[in-house]
Amino acid sequence: MDESWDIPIQGMPGTPVEKLRVEYERCMRVTNEELDLEPGVYMREGTELLAQLRDQLVMLPELEE
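Using this note's numbering, the letters of the sequence shown correspond one by one to residues 1 to 65.
Bear in mind the hints are in silico, worked out from the structure with no lab data behind them.
Where is the CB? At the ideal position from N, CA and C, for every residue including glycine.
Please note: incorrect hints may appear among the correct ones.
Said to hold, decoys possible - Cβ pair distances, simulated, as ranges: (1) M59 with L35: 34 to 44 Å; (2) L57 with V30: 32 to 42 Å; (3) E18 with M59: 39 to 49 Å; (4) Q52 with C27: 51 to 61 Å.
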């Protein structure tokens, strides 16, 4: 790296690393509305899965330890 530069090359605007960082930040932005919707979806899916697993567990024979 040339010592006359004040910043490292990977931190310069327009470099592939900087472009990747900016694109990552853009993709990771979410709105409050999206955040409010997500937990309900996971809770509903999780509840259905737990109910199915509970029903299947009842059908298993008891195991002796």
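Do the hints match the structure? See the list:
{"no.": "1", "hint": "M59 with L35: 34 to 44 Å", "result": "holds, 38 Å"}
{"no.": "2", "hint": "L57 with V30: 32 to 42 Å", "result": "holds, 36 Å"}
{"no.": "3", "hint": "E18 with M59: 39 to 49 Å", "result": "violated, 57 Å"}
{"no.": "4", "hint": "Q52 with C27: 51 to 61 Å", "result": "violated, 33 Å"}
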